[in-house]
Every structure is written in structure tokens, then in C-alpha cells.
Amino acid sequence: MDLNSLTVAGTVAAIRERQVTATALAEDFYRKIAAEDREIHSYLSVSKERAMAAAASVDALAGRGDPLPPLAGVPMAIKDVMVTRGVCTTAGSKILENYIPPYDCTAVARLEAAGAVVLGKTNCDEFAMGSSTENSAYGPVRNPRDKTRVPGGSSGGSAAAVAAGFAVAALGSDTGGSIRQPASFCGVVGLMPTYGRVSRYGLIAFASSLDHIGPLAHSVKDAAILLGIIAGRDPLDSTSADVPVPDYAAEIGKPVRGMRIGVPKEYFPEGMDAEVRTAAEDAIQLLAAKAGCGVVPISLPHTPYAIPTYYLVATAEASSNLARYDGVRYGHRSRESATLSEMYRRSRHEGFGAEVKRRIMLGTYALSAGYYDAYYLKAQKVRTLLTRDFEEAFKQVDAIITPTSPTPAFKLGEKVDDPLSMYLADIFTVTADLVGVPGISIPCGNSREGLPIGMQIMARHFDEPTLFRLGHAYEHAAA
Amino acid sequence: MKVTEKDVLYVADLADLELTPEERTRMARDLNSILEYVDRLNELDTTGVPPMACPELVEGAQVSDRYGVPEKKGTARFEYAMRADALGKSLDHKVALENAPESDGTFFQVPKVIER
Chain A
1 MDLNSLTVAG TVAAIRERQV TATALAEDFY RKIAAEDREI HSYLSVSKER
51 AMAAAASVDA LAGRGDPLPP LAGVPMAIKD VMVTRGVCTT AGSKILENYI
101 PPYDCTAVAR LEAAGAVVLG KTNCDEFAMG SSTENSAYGP VRNPRDKTRV
151 PGGSSGGSAA AVAAGFAVAA LGSDTGGSIR QPASFCGVVG LMPTYGRVSR
201 YGLIAFASSL DHIGPLAHSV KDAAILLGII AGRDPLDSTS ADVPVPDYAA
251 EIGKPVRGMR IGVPKEYFPE GMDAEVRTAA EDAIQLLAAK AGCGVVPISL
301 PHTPYAIPTY YLVATAEASS NLARYDGVRY GHRSRESATL SEMYRRSRHE
351 GFGAEVKRRI MLGTYALSAG YYDAYYLKAQ KVRTLLTRDF EEAFKQVDAI
401 ITPTSPTPAF KLGEKVDDPL SMYLADIFTV TADLVGVPGI SIPCGNSREG
451 LPIGMQIMAR HFDEPTLFRL GHAYEHAAA
Chain B
1 MKVTEKDVLY VADLADLELT PEERTRMARD LNSILEYVDR LNELDTTGVP
51 PMACPELVEG AQVSDRYGVP EKKGTARFEY AMRADALGKS LDHKVALENA
101 PESDGTFFQV PKVIER
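Here the protein sequences come in this chain order: A and B. Residue numbers for the first sequence follow this note's numbering, beginning at 1 and rising by one. Residue numbers for the second sequence follow this note's numbering, beginning at 1 and rising by one.
I should point out that these hints are in silico values taken from the structure, not numbers from a laboratory. One thing to keep in mind: the hints can contain errors.
Unchecked claim - Here are the computed lysine-lysine pairs in the DSS-like style, where the Cα-Cα straight-line distance is at most 30 Å:
| # | chain 1 | residue 1 | chain 2 | residue 2 |
| --- | --- | --- | --- | --- |
| 1 | A | 94 | B | 6 |
| 2 | A | 94 | B | 94 |
| 3 | A | 381 | A | 265 |
| 4 | A | 94 | B | 112 |
| 5 | B | 94 | A | 48 |
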């Protein structure tokens, strides 16, 4: 069995037809991880005991000939920002180095209830803050396609694990592009669902009005199957939407003829990477020529203001969310403090890395007396303008297609000393987070150096079906 | 330079962060470079534009109605977020203390709060 290209549907079929047991498959993946992940560093920890117990119960069902759950035996990786009961969860931070959560993230629990086998927890930028996974306190991840390059971030471990064949699929989180950008850098599919589509209960909070959980996988169909399992209202997350969950997998193969694709000129600026531009333009042309889609030039005029808006809103929320790490109830506590306030400061000083401190500082500054109106409130107003851009666009088109990232994967170390240039790696992805619309990144070619390039499709709120239809139509046309 | 090292100290104090002298210098430099960049938001006239705290909470936001999503404005779509104020199951006391850096088995323990 080729672990590198095994799909969700393929795994379930193989287990149903008794070509392989869930136990043997999980063992194969663990062997591959042990042999090859030392170099890539996509996993922070593996949870063998829990995985083998899940695999055994799938095998017991299969052995009795009982009906199998929809993800029976599918080996999966989980970004280490989602808590797992009894399994260390670090968020890529020293401050949570020994944290053993007492409960499970809803999305992970739903995967396991559907028969998935969670192999382990994947590396990521500390508290999901970064675009290269170089901000992990446990060392960076290398891109399986070129080990001198980053896998993107912050879900770099999840994207690399899928690309390298260390898991059939993975969960990541996306606050400014953290699922889609690494998916594009590693050559896999990455989906950020609509805000509220998937419960965030048990997701370690970074910026609550922007955080999303979503799948990374080998195909659009796999992403659709996985979203169907994790989506839906969860009473434990008051922001999870009470919106019916359609049969996403049934969208695969449905016609897209006559769908109108918007191509925003702001996402194809002069001077951009020519290979990225060509790959995205060719993909759009292919959908027009082979699948019968209409192409409509559009404008999203406030696009140049998305990154500044994002870095004010996200850091303001982060400064508040990360106030909980105080060394009292869990996480790192500094050993040498005489007073409570000294203990708070030292614990946070010792536990947080440079980028996390920078964002807490920027967010605190933007919320502080005298600056709130000029920065935080201003950004919230521009967020409304960005949303109106999309409302106007979706009056004319059914979907918007852009490149996912302005460049293919960059070199390790290339941007670490320049926070602003790192932030600009998210220039095409942050707006969907701010507006709350869903977006998917799909591989659409390679650069001359053999690096993957991804295109992004965005649709209306809760219109993931359009992403799946168009995404699959593209995969089919390009195959 | 908008942000001085003195400002950095003040903000670090608000955020309960200790910074080394080197970190302070670097932080002032980084914050200035980022703030200079975000200043481009002032090119936009936002008079009369309502602030948006969260997707779909903005007045007049349009949501697809093709998949059974009710078209409502303002906060009404989040009515379902309300629940009965009833006593439910909560984390077991012992479990809640398991990750505590210091505990006496009943309470979390911390260093001295009041200095004399």
C-alpha cells in the first residue's frame, strides 16, 4: 500500500474489503514516521496507545462484519493546538511543555467517533503565530518537497505530514492563512471552512474572531468527507453556527458549467512572482475551457489594507487570549519569584518566544488608552469595508479564485529576522479570515524548481459546496 | 520613532511581560516598523462605517440562503448561542488541579500576594 498517496475514501475501502487491518496500517505509518520524520520534524509527539486502541476497535467491527463508521481506520495527524485528553498538548510553546489536557477538542472527538485513528500531534508555530513554522519552540519543520525550505505555517507540521505520507489527512487551524498557505507550500489541499462552521471547543485560542479549524488532505474529496464529520453546531462553542450540514461529499462530480468565477485584479499585482501568476491564471482558464465556467474580472478594492487590519485585530485578541498563561493553573511557572506579580512576569518571560511576545505587545499597545480608537477601532471599521468588498463581488460571481500565496515556499531562515516580510506571506489569505468566508487551497502546478504552487477558491458564507464542486472540477480537468 | 523604549516598558507592564534590555530595544524597533506599516489604514475615510468585531455580526451582512441559513441582521443569528442558566457537569476538582504547578490538593498555590 502506497502510504504517500492513500486517500480517506481509499483507506476506508481497503479496510472494509479486508485488504488491510486498521492496526497494520497504523503500524505501517508509525514505521514510516520513525524512519523519515527525524529530518522533517512534522510531529511533536505520537500517541501510539490511543491510536492502537482506536485501530483495534475498528478491526473488531470489521472482524464481526459490522457496518463501519465513515472514517474507519483512517490514520490522521492533529495540529498541536487542539487539546487531546491525556496526550500532551503544547501549542508549539515552552509555556505548555508539560500540559496534559483533561478534555478533548470537539473536532478531534468527532473524528475519533467516526473511526479515525489519531497518530499524533503536529508541529506548528508557537500559538499558531507565524507563516513558516520556524516560530515553534521545538524547532522548525522542513518542507518534504525541498528540505532547505519551510513548509509554510502555522500548520506546517500538518501540511508536511500529509505531503510526506506520515498521515492520510490532518487537522490544522487557520487564523490568517495557517491552513491554506502551508497546504500550497507542501502541495496538498487545505480547507478553511466558514467562520462558525466547525466548533473551536478545545482549540487553544489565538484570535477568537478569526480562528478556524479545518482539514488538510490529498484531494478535494477527502477535504469534503472530513468537513462533513467535523462540521455542525456544538453546544460547547457558542460561536458554532446552528446551520444544517449538507452532504459535502455528494458535491464531488456535480457540474460547474455556468458558474461565474471572479478574478480580483488586486490579487494579481504588477511585479508579482510570474510562475505563481501563470499557474493561477492557467487554472482559471482550464476551468473556463474544460468545465464551462464563466470568468469575470472583479475588484476587491480594500485588499491592500487587509494585512494591517489583520495584524491589529489578531494581535489585540491574542493579547487578551494569552493573558491566561500566568503560571497559576497550568503551564510553566518560573521557579524564582518572591511575589505573585513577579511570578506572572517571569513565567511569561521564560515561557513565550519572541514572536508571541511581539504580538502580545502590539495587541496590548493597540488596545491601550489613547490608541484604541486610532488602531483597534480603525481596524474594525476597515474590516467592515473588506466585508463589503466581498458582498459586492458575490452579487456578480459564485466564487473567487486567486493564488494562495504570493510565492512558492521560501528558504528556512529567509524571513525570520524581518517580522513584516513574514507577515506579507499571508497577503492573499488573511481577508477570508477577516470576512469569515470559506477558502480552499488546491495544488495547481509547480515552479521550475519543482516547488508546489496553490490556488485559492473562496465562496459565500456557508457555501463550501461550491468550493468542493469547483475544486474537484479543477482536479479532474487538470488530471 | 513613535514608540520609545519608555513606551515599551509601559506596555510590557500592562501585558505582564518581563523584557531584557536587548529585547526592549528590539521590540521598540519592531513595533515602530509594524506601526509605520499599519498607518496606511489612515488613508481610508471610515466616517459612518460601523466597526466589525466578528464575522456576520456586522449590520447588513449577507449570508448565503441557499443552504437553509436564515437571513437575519445584527446579532439575531446568534440567538441560539443562549442557553438555559442551569447547573451542569463541570471538571472534577482533582482533575482541575492535575496540571497545577503548585497545589495543596484543594487550592492552587501562588507566591505571596500582598507585600509588606
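These are the hints, each one checked on the structure:
1. For the given pair, residue 94(A) sits about 28 Å from residue 6(B) by alpha-carbon distance, which is consistent with the 30 Å threshold.
2. Proximity of residue 94(A) to residue 94(B) is assessed by CA-CA distance (about 24 Å); at most 30 Å being required, the pair is judged to hold.
3. About 23 Å separates the Cα atoms of residue 381(A) and residue 265(A), which keeps this hinted pair within 30 Å; it holds.
4. Between residue 94(A) and residue 112(B) the alpha-carbon distance is near 25 Å, which keeps this suggested pair within the 30 Å criterion.
5. Note on residue 94(B) and residue 48(A): the hinted pairing holds, with a Cα-Cα distance of about 26 Å set against a maximum of 30 Å.
Checked against the numbered hints given earlier, the structure satisfies every one of them.
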